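There are 2 protein chains.
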Amino acid sequence: MSMAARPYIERALAEALANTTAAGHPPRLAAAVRHAVFPGGARIRPQLCLAVAHACDIDDPELALGAAAAVELLHCASLVHDDLPCFDAALTRRGQPSVQCAFGERLAVLAGDALIVLAFEAVAKAAGRSPHRLAPLVATLAGGVGLPSGIAAGQAWECEPTIDLARYHRAKTGALFIASARAGAQAAGADTSGWEQLGARLGDAYQAADDIRDVAGTLQWLGKPVGRDKALDRPSLAREFGLAAATRHFERLIDEAEGAVPECAGSASLRALVRAEANRLIPRQLAEELVASAT
Amino acid sequence: MSMAARPYIERALAEALANTTAAGHPPRLAAAVRHAVFPGGARIRPQLCLAVAHACDIDDPELALGAAAAVELLHCASLVHDDLPCFDAALTRRGQPSVQCAFGERLAVLAGDALIVLAFEAVAKAAGRSPHRLAPLVATLAGGVGLPSGIAAGQAWECEPTIDLARYHRAKTGALFIASARAGAQAAGADTSGWEQLGARLGDAYQAADDIRDVAGTLQWLGKPVGRDKALDRPSLAREFGLAAATRHFERLIDEAEGAVPECAGSASLRALVRAEANRLIPRQLAEELVASAT
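As you go down the protein sequences, you meet chains C and S in turn.
Sequential numbering from 0 applies to the first sequence in numbering that gives the first Met the number 0.
Sequential numbering from 0 applies to the second sequence in numbering that gives the first Met the number 0.
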C-alpha cells in the first residue's frame with residue numbers, strides 16, 4: 000500500500016489491456032474497457048496484494064504484479080456492472096461518466112464480462128516462472144468474485160427476500176480484499192494463513208468507510224453520487240446506527256487490521272500502511288468530528 | 000462429439016457447480032446459475048474439446064474434462080447475457096424460461112458473471128497433474144470469450160456504427176469453437192496447430208446453421224424464439240442470400256471442417272462425428288428441401 004507501488008500497478012494494468020486493441024477488436028468495447036480501468040481510484044486492492052507479497056519475501060515480482068492487476072480488473076468489472084441501470088443506475092464513477100453512461104448499457108455489460116476474462120488472462124500470462132502457483136491463484140481470485148461468497152454473491156444478496164448484513168458486506172467487499180491478501184502470499188509462494196484475517200478486517204473497514212462517506216461525503220470528495228444507499232434503500236451501518244457509531248466501528252476495524260498483520264520482516268511497515276490507508280479513507284480530523292457529533 | 004461423452008460432461012459440469020451451494024451462498028443466484036447450465040443443449044463445444052483431446056492421445060482425462068466444462072460454462076454465460084433485456088430480451092431458451100425471465104435482469108447479470116468465473120475455476124481445479132498446461136489453457140479460454148476477438152467482442156460489433164459480417168460471426172460463434180478445439184489439444188499436451196482450423200470451420204457451420212434455423216425453424220424445434228435475427232435486424236446470411244444459398248454454404252463449411260481434421264489416430268472417427276453433428280444441426284432431408292426450394 001505504498002505510493003511507490005503505483006507506477007508498477009499502472010504499468011501492469013496497461014500491459015493487461017495491451018492486447019485488447021490488437022487487430023480485429025471492436026473499437027467501442029476496447030474503449031469502454033479502458034475507460035473502466037483508467038484513470039483509476041486508489042488501487043487499494045492491488046496495493047494490498049503487492050504489500051503482502053513483499054512482506055512474504057517476494058521472489059517472482061512478475062507474478063505478484065499479474066495477481067495485483069487481476070484483483071484490480073475484477074474490482075473494475077464489479078463497478079461497471081454495479082453501475083448498470085438494473086443495479087445502481089449510476090451516471091458518474093471516479094469523477095467521470097460511468098461506463099454505462101458514456102458507452103450505453105450493452106457495452107457496459109460486455110465491458111464487465113471482458114474485464115473478468117482479462118483478470119484471469121493477466122495472472123496466467125504472468126505465471127511463466129512459477130506455473131505451480133497459478134491454480135491456487137485462480138482459485139483465490141474466483142473465490143473473491145464468484146459463488147458461493149464473492150462479489151457476485153454479495154450483490155445477489157440484494158435480490159434475496161431476506162438479507163444477512165454481515166454476510167452481504169463480507170461477500171460484496173470483504174471477499175476481494177481477502178483474495179487480494181491471499182493472492183499476494185500465493186504469488187510469493189508463501190503460506191496464506193494469517194493474511195486472510197488482514198484482508199477481512201481491511202475489507203470490513205473499507206465497507207464501513209464507504210457507508211460513512213455515502214452519508215457524510217460530498218460528490219466532489221468521492222467522485223461518485225452520495226446518498227445512494229438511502230436512495231436505493233441499501234443496508235448501511237451508518238444509516239442504521241448513525242455516523243458516530245459507524246466511525247467508532249471503523250476505527251475498531253482498523254485496529255483489528257493492524258493487529259492481524261502476521262509477524263514477518265515487513266510487518267512494521269505493513270502496519271504503518273494500514274494506518275495511512277485509514278487516514279485516506281476517513282481523515283483523522285473528520286473521524287474526530289463524526290465521533291464528537293453524537294454527544 | 001460422441002454421445003458416449005455426454006455423461007462425463009454432465010458430471011464435470013455438476014462438479015464445477017458443486018461449490019456454488021456451499022455454506023453462505025445466496026440461494027437465488029445459485030439457482031440461476033444452475034438454471035443456466037441444466038438441462039443443457041447439445042453440449043457441442045465440450046464434445047468437440049473432448050474429441051480433440053482423445054484424438055491427441057489424451058493422457059490427463061481430468062484436465063480435458065475440466066477444459067470441456069469450462070468452454071460450456073463460458074457458452075452458458077454468453078447465452079445468459081445475450082438474453083438480457085438490453086440485448087435479445089429473450090423469454091425462452093432451450094425450451095424453458097430464460098434466466099432473465101425466470102430470475103430477473105439483476106440475477107441474470109450476476110449469473111453470467113459467476114459462470115465466467117466458474118469456468119476459469121473449473122479448469123484450474125483440474126490442472127493438478129499437469130500444472131504447466133494451465134496457463135496456455137487459460138489464455139485459450141480467454142481468447143475465446145474476451146477481447147480482441149472472442150464472444151464479448153463479437154457481441155460488441157452489434158454496438159459499432161459499421162459491422163464486418165465475417166469478423167462478427169467469427170468472434171461471436173467461431174472463437175469459442177476454435178478455443179474448444181485448441182483447449183482439447185492443450186489439455187492433452189499436444190500441439191494446437193491444425194485443430195484451430197477444424198474449430199473455425201465448425202464454428203462457421205454452426206453459425207450458418209443457426210441463421211438457417213432462425214429463418215426456417217419452429218419454436219418447438221429450437222426451444223427458443225425464431226425470427227429473432229429479423230426482429231432484431233441482426234446480420235444473417237440466410238436473410239441476405241436466401242435459405243437455399245445459406246444451406247449450400249453450410250454444406251461447404253461442413254466439407255471444409257471434415258477436410259480440416261489433422262491426420263492422427265482418431266481422425267476417421269472425428270470426421271464421422273463432424274458428419275453426424277451436421278445432420279443434427281440441419282437434418283439431411285431438410286437441407287435437400289431447402290436447396291431445392293431455390294429452383
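Derived by calculation from the structure, the hints in this document are not laboratory data.
Remember, predicted model here, so these are calculated numbers, not experimental data.
Among the clues, some could well be false.
As the list claims (entries may be wrong) - Which chain S residues stay away from chain C? Per the calculated CB distances, all over 10 Å, these:
# : residue
1 : Ala-151
2 : Ala-244
3 : Asn-278
4 : Val-290
Stated by the list, open to error - A short, non-exhaustive set of chain C residues, derived as facing chain S with CB atoms under 7 Å:
#  : residue
5  : Glu-104
6  : Phe-119
7  : Arg-128
8  : Ser-129
9  : Pro-130
10 : Ala-134
11 : Leu-146
12 : Ala-155
13 : Cys-158
14 : Glu-257
The beta carbon of each residue, even a glycine, is placed where N, CA and C say it ideally should be.
Against chain S, is Glu-257 (chain C) within 7 Å by beta-carbon distance?
-> Check failed: Cβ of Glu-257 (chain C) comes no nearer than 27 Å to chain S, outside 7 Å.
Taking 10 Å as the cut and beta carbons as the points, is Asn-278 (chain S) off the interface with chain C?
-> holds (32 Å)
Minimum Cβ distance from Glu-104 (chain C) to chain S below 7 Å?
-> holds (4 Å)
Interface hint for Ser-129 (chain C), Cβ within 7 Å of any Cβ on chain S = Where the cut-off is 7 Å and the nearest Cβ of chain S is about 10 Å from Ser-129 (chain C), the hint is violated.
Quick one: work out the minimum CB distance from Ala-244 (chain S) to chain C and report holds if it exceeds 10 Å, violated otherwise.
-> holds (26 Å)
Hint check: is the beta carbon of Pro-130 (chain C) less than 7 Å from a beta carbon of chain S?
-> holds (5 Å)
Does Ala-151 (chain S) sit more than 10 Å from chain C, CB to CB?
-> violated (5 Å)
Was the hint right that Ala-134 (chain C) lines chain S, CB cutoff 7 Å?
-> holds (4 Å)
Supplied contact hint for Ala-155 (chain C), tested at 7 Å Cβ to chain S | At about 4 Å, which falls below the 7 Å cut-off, the nearest Cβ of chain S leaves the hint on Ala-155 (chain C) intact, so it holds.
Quick one: work out the minimum CB distance from Val-290 (chain S) to chain C and report holds if it exceeds 10 Å, violated otherwise.
-> It holds; Val-290 (chain S) is separated from chain C by about 32 Å at its closest Cβ, greater than 10 Å.
Holds or violated: Leu-146 (chain C) as interface residue toward chain S, Cβ cutoff 7 Å?
-> holds (4 Å)
Chain S contact restraint for Arg-128 (chain C) - C-beta distance below 7 Å | Since the shortest Cβ distance to chain S is 11 Å, the answer is violated.
Hints 1, 7, 8, 14 from the earlier list are contradicted by this structure; the remaining hints agree with it.
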